[in-house]
Amino acid sequence: MVTPSPDSAEPTGTEPSVFSLPEAGGEGDGASVFARLAEAFTVRAGPGEPLDRTLIDTFDARLGRGGGDLWLERGAERSALLWHRRGLRTPPVPLDPVLLDNGALPAFAEELPAGRLRDEVGALAAPRRLMPTVRLVGQRHGLDVLDGVRKTVARVVLEERVAHAPGRRQGRRLPPLLRVVPIRGYDDHRRVTRFLVEQLGLTPTADGDVAAALRSVGRQAGQDPCTPRPELTPEVPAEEAVRAVLKELLRIIRITEDGVDDARDIEFLHDFRVAVRQTRSILGQLREVLPERLVAHHRNEFRWLGQATGPARDLDVFISDWPALLADLGPELSDDLAPALAYLRRERDAARRRVRKALLSARYRRLVEGWALQLTRPVHGPALAEVSIDEVAARAIERAWRRVRRKGRRLDAEAPIADYHDLRIAAKKLRYLIALFGGVFDKRRTKQAVTVLKRLQTTLGDAHDAAQQADRLRAVAGALRDDRKADTATLLAIGRLIERIEGRGAALQAGSREAHEQFAHRRNRTLFTRR
Amino acid sequence: MKILATYNIKGGVGKTATAVNLAALSAEGGYRTLVWDLDPQGAASFYFRIRAKVKGGAAGIVKGRRALDGAIRGTDYAGLDLLPADFRYRHLDIALADARHPERRRARLLEPLADSNDHVIHDCAPSISRVSESVFEAADALLVPTIPTPLSLRTLGQLLKHLRDVPNTPTVLPFLCMVDRRKALHRQFCRWAEQASVGFLAAAIPYSSTVERMGLRRRPLTEDAPRSPATTAYRALWEETLQRLVGEARLGPSRQEVKAMLRRLERGEDLVGEAAPADD
Ligand SMILES: Nc1ncnc2c1ncn2[C@@H]1O[C@H](COP(=O)(O)OP(=O)(O)OP(=O)(O)O)[C@@H](O)[C@H]1O
Ligand SMILES: [Mg+2]
Numbered sequence: 006m007v008t009p010s011p012d013s014a015e016p017t018g019t020e021p022s023v024f025s026l027p028e029a030g031g032e033g034d035g036a037s038v039f040a041r042l043a044e045a046f047t048v049r050a051g052p053g054e055p056l057d058r059t060l061i062d063t064f065d066a067r068l069g070r071g072g073g074d075l076w077l078e079r080g081a082e083r084s085a086l087l088w089h090r091r092g093l094r095t096p097p098v099p100l101d102p103v104l105l106d107n108g109a110l111p112a113f114a115e116e117l118p119a120g121r122l123r124d125e126v127g128a129l130a131a132p133r134r135l136m137p138t139v140r141l142v143g144q145r146h147g148l149d150v151l152d153g154v155r156k157t158v159a160r161v162v163l164e165e166r167v168a169h170a171p172g173r174r175q176g177r178r179l180p181p182l183l184r185v186v187p188i189r190g191y192d193d194h195r196r197v198t199r200f201l202v203e204q205l206g207l208t209p210t211a212d213g214d215v216a217a218a219l220r221s222v223g224r225q226a227g228q229d230p231c232t233p234r235p236e237l238t239p240e241v242p243a244e245e246a247v248r249a250v251l252k253e254l255l256r257i258i259r260i261t262e263d264g265v266d267d268a269r270d271i272e273f274l275h276d277f278r279v280a281v282r283q284t285r286s287i288l289g290q291l292r293e294v295l296p297e298r299l300v301a302h303h304r305n306e307f308r309w310l311g312q313a314t315g316p317a318r319d320l321d322v323f324i325s326d327w328p329a330l331l332a333d334l335g336p337e338l339s340d341d342l343a344p345a346l347a348y349l350r351r352e353r354d355a356a357r358r359r360v361r362k363a364l365l366s367a368r369y370r371r372l373v374e375g376w377a378l379q380l381t382r383p384v385h386g387p388a389l390a391e392v393s394i395d396e397v398a399a400r401a402i403e404r405a406w407r408r409v410r411r412k413g414r415r416l417d418a419e420a421p422i423a424d425y426h427d428l429r430i431a432a433k434k435l436r437y438l439i440a441l442f443g444g445v446f447d448k449r450r451t452k453q454a455v456t457v458l459k460r461l462q463t464t465l466g467d468a469h470d471a472a473q474q475a476d477r478l479r480a481v482a483g484a485l486r487d488d489r490k491a492d493t494a495t496l497l498a499i500g501r502l503i504e505r506i507e508g509r510g511a512a513l514q515a516g517s518r519e520a521h522e523q524f525a526h527r528r529n530r531t532l533f534t535r536r
Numbered sequence: 048m049k050i051l052a053t054y055n056i057k058g059g060v061g062k063t064a065t066a067v068n069l070a071a072l073s074a075e076g077g078y079r080t081l082v083w084d085l086d087p088q089g090a091a092s093f094y095f096r097i098r099a100k101v102k103g104g105a106a107g108i109v110k111g112r113r114a115l116d117g118a119i120r121g122t123d124y125a126g127l128d129l130l131p132a133d134f135r136y137r138h139l140d141i142a143l144a145d146a147r148h149p150e151r152r153r154a155r156l157l158e159p160l161a162d163s164n165d166h167v168i169h170d171c172a173p174s175i176s177r178v179s180e181s182v183f184e185a186a187d188a189l190l191v192p193t194i195p196t197p198l199s200l201r202t203l204g205q206l207l208k209h210l211r212d213v214p215n216t217p218t219v220l221p222f223l224c225m226v227d228r229r230k231a232l233h234r235q236f237c238r239w240a241e242q243a244s245v246g247f248l249a250a251a252i253p254y255s256s257t258v259e260r261m262g263l264r265r266r267p268l269t270e271d272a273p274r275s276p277a278t279t280a281y282r283a284l285w286e287e288t289l290q291r292l293v294g295e296a297r298l299g300p301s302r303q304e305v306k307a308m309l310r311r312l313e314r315g316e317d318l319v320g321e322a323a324p325a326d327d
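Which chain is which? The protein sequence lines are A and B, in order.
Our numbering runs 5 ahead of the 1-based position in the first sequence.
Our numbering runs 47 ahead of the 1-based position in the second sequence.
So here's chain A without its partners, still in its complex pose (with noise of 0.2 Å):
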């Protein structure tokens, strides 16, 4: 049957269009809302169903924060996808049930049926996985507003929701939610909400339905939750600041750590590692504000674990670069070039083998446990920990930015790639800072820093993973050999492509150059200094 949805039209931009309710049972609740809706106008009441339906995105919220939502819709007989970005929605998009009953979701956008839907997602999620956010289970009411000659010409839907993180049986119930939906082509929604509005007293609320289901399992619409948010202002004491931020910190490291192991969305290894850094980086540059005892230990620790999922992350990257590298290199070069793909392939998953123990190892354990309760427990570190953190930052930041400037004008044409790599790492202490504390400062400015900096990250990040790249070639081709497994072709084939990357690494060590140049201008220097 086509059964009349709610979802057919929506309110476009800031229309006052939804209304928080009482539970049912109170005074103002759904049902007296509907009674004197059903004197006011001509209406027709539905029958009341069941609603189930799961909020999808990624883990970073690249759905949610590109202004769209992707819901799973479960019903009866049938379940759909729906979209719904910058007040377009699509109509339901159904799914094999057959796969649904097997608990099984499209877990990648290439894996959706085929339309705007799968491109619209496509090109906000990928590469991330799609996975389930937040469930709605309860019940919908729906009662079509109708013109004289009975054709629905506005449509008000009251829904009752609980709201399930993903997995759990305990749930959290939603106040009712009453919408005002329109219908193409029609304006009578406005009378509706008027009356809604003047004579029934509602106060539309701003919140819709992904704000509110959200919150409800702890996070907040259109924020990655990969992303530190520490509650600073420039007086909080040092220590405390850095304290805030490294928590923040070890959260992520928390909320990742489950997904390191996915092979196919390497983003999570990513995100786990950056988090893993920047506390190294925060106990290195900050150390002065922070007991001793704390620091020493924790950071050699930081190190293990950054080393433990290096190589891992840089084989991820290779193979995920592989197609880019041989774009133009034509069909017969990539054939020859297989072995060595699946031998990098191979050893990826050797690392990746070698990340996975060290997360269950009780040295990780025994790190993450103890590092939380460090955290937590009051110590009372130096005298600078009662300095206020945009005094110790700014001094940090500028200390860092000295170090870039410094690094960068040692490079020349003859400099080793060593050198660059010194740069690279001095700038990612830079940002670093910058992204952690940043929110202390003036924002516009904090924005300017990263956007300059930015720039020369890119190209020296581009520069050290040509150099690295072409060195791991090197190797694969010695071991390829050493197994006989590659023939001529292949060994000539490698040597092509790493000719091609260093002669791409060339040409980025240069370009560094002259972003670094960019980079220490004068003009960019009360960016970094209080002078």
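Hints in this document: simulated from the structure, not taken from any laboratory.
Possibly wrong hints are sitting among the right ones.
With a cut-off of at most 16 Å between alpha-carbon atoms, the simulated EDC-like pairs for lysine to aspartate or glutamate come out as follows [to be verified]:
#, chain 1, residue 1, chain 2, residue 2
1, A, K433, A, E403
2, A, K412, A, D427
3, B, K49, B, E287
4, A, K156, B, E270
5, A, K156, B, E287
6, A, K156, A, D192
Simulated restraints on C-beta separations [as the list claims (entries may be wrong)]:
#, chain 1, residue 1, chain 2, residue 2, range
7, B, G59, A, R189, 26 to 32 Å
8, A, E504, B, V213, 56 to 62 Å
9, B, P276, A, R91, 41 to 47 Å
10, A, R189, B, H209, 32 to 38 Å
11, A, G120, B, G59, 32 to 38 Å
12, B, S174, A, D192, 32 to 38 Å
13, B, H209, A, R91, 41 to 47 Å
14, B, R274, A, D354, 51 to 57 Å
15, B, V213, A, P230, 34 to 40 Å
16, B, D212, A, G120, 33 to 39 Å
17, A, Q175, B, R228, 56 to 62 Å
18, B, S174, A, G120, 33 to 39 Å
Just so it is clear, the structure is predicted and the values come from calculations on it, not from any experiment.
C-beta atoms are modelled at their ideal positions from N, C-alpha and C, and glycine is treated no differently.
Given the coordinates of chain A, assemble chain B with the ligands onto it according to the supplied hints.
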């Protein structure tokens, strides 16, 4: 986006009933569907209880793309919209004639809809006009409801002949409509159509008071009588149509095929007419 039309030179053969019911089935299958009511009588709009007028009339539609968008009305069913008939559609004929490539105009008009629609189903008026020409040019397939009488075969032949001169011929999908199994002539006709290789779809719509009642109920059959035999028949027709729409190219018959079909149709006219025993 696939573009369909229900078409027959003859009137009152079930074009509108077919357009409305297939559109509902399309939307029910999750396809974003638009019915374009091209008949100035506005029967399809009537079935969906839509009485809106198109702002700026036909001239507005031919010129602007946005005008089209603003004229679209949501039906009572999810994923199903309608571009209503307007009295001024009389002028669409003239407006299309004014446009430089009148036939290609429709395809261009439809382009911006491709983003938001999977199927567009035109409900045509029973005539050959500029409007229908533009539909022939843009459509992937024409669904041709055909009443089982010898005369209908002549009309079908006329359409095929006419389409020979249309560049980029759409697929022609004739199907039997208003079939009354109690009538010997109808039975005879159905038997002939099955093996005559003139392109009749296997699905046939029975003569049914449920369909007639749509004019009173003003709802598609999927809503009004989801399990009735007529609904089942439309469902089969829709599924068959979907299968024929798979693939990108428009697979209209070649000139040779048309010639052969015409010959067979002519023979059919005689055969069906003569061989049919009188009703009991
Ligand atoms: N299968 C059917 N059984 C019985 N009556 C039918 C059937 N199909 C259509 N009708 C009736 O026949 C009449 C004509 O049908 P319809 O309007 O669909 O034809 P049409 O080809 O669109 O007509 P027009 O040429 O006037 O646009 C209507 O009253 C309709 O209810
Ligand atoms: Mg008609």
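Against the structure, the hints come out as follows:
Taken as a hint, the K433/A and E403/A pair is honoured in the structure, with Cα atoms around 14 Å apart against an allowance of 16 Å. Restraint check: the Cα-Cα separation between K412/A and D427/A comes to about 7 Å, which is no more than 16 Å; the hinted pair holds. For the hint linking K49/B to E287/B, the alpha-carbon distance of about 15 Å falls within 16 Å, and the restraint holds. Under the criterion of a C-alpha separation no larger than 16 Å, the hint pairing K156/A with E270/B is consistent with the structure, at around 14 Å.
For the proposed pair K156/A and E287/B, the alpha carbon gap of about 31 Å is over 16 Å, so the pair is violated. With a C-alpha separation of about 13 Å, the suggested pair K156/A and D192/A falls inside the 16 Å cut-off, and the hint holds. For the hinted restraint 26 to 32 Å between G59/B and R189/A, the CB-CB distance of approximately 31 Å keeps it satisfied. Under the hint 56 to 62 Å, the C-beta atoms of E504/A and V213/B, about 58 Å apart, fit the expected range.
A hinted range of 41 to 47 Å holds for the C-beta pair P276/B and R91/A, which are about 44 Å apart. Look at R189/A against H209/B: about 35 Å separates their beta carbons, and that is inside 32 to 38 Å. Remark: the range hint 32 to 38 Å for G120/A to G59/B is upheld by a beta-carbon distance near 37 Å. Between S174/B and D192/A the CB atoms are about 35 Å apart, so this pair conforms to the stated range of 32 to 38 Å.
For H209/B and R91/A, the hinted distance range of 41 to 47 Å is satisfied, since their beta carbons lie about 44 Å from each other. Checking the proposed 51 to 57 Å range against R274/B and D354/A shows it holds: the Cβ atoms sit about 55 Å from each other. Under the hint 34 to 40 Å, the C-beta atoms of V213/B and P230/A, about 58 Å apart, miss the expected range. At about 35 Å, the beta-carbon gap between D212/B and G120/A stays in the expected band of 33 to 39 Å.
Between Q175/A and R228/B the CB atoms are about 60 Å apart, so this pair conforms to the stated range of 56 to 62 Å. With their beta carbons about 35 Å apart, S174/B and G120/A fall inside the hinted range of 33 to 39 Å.
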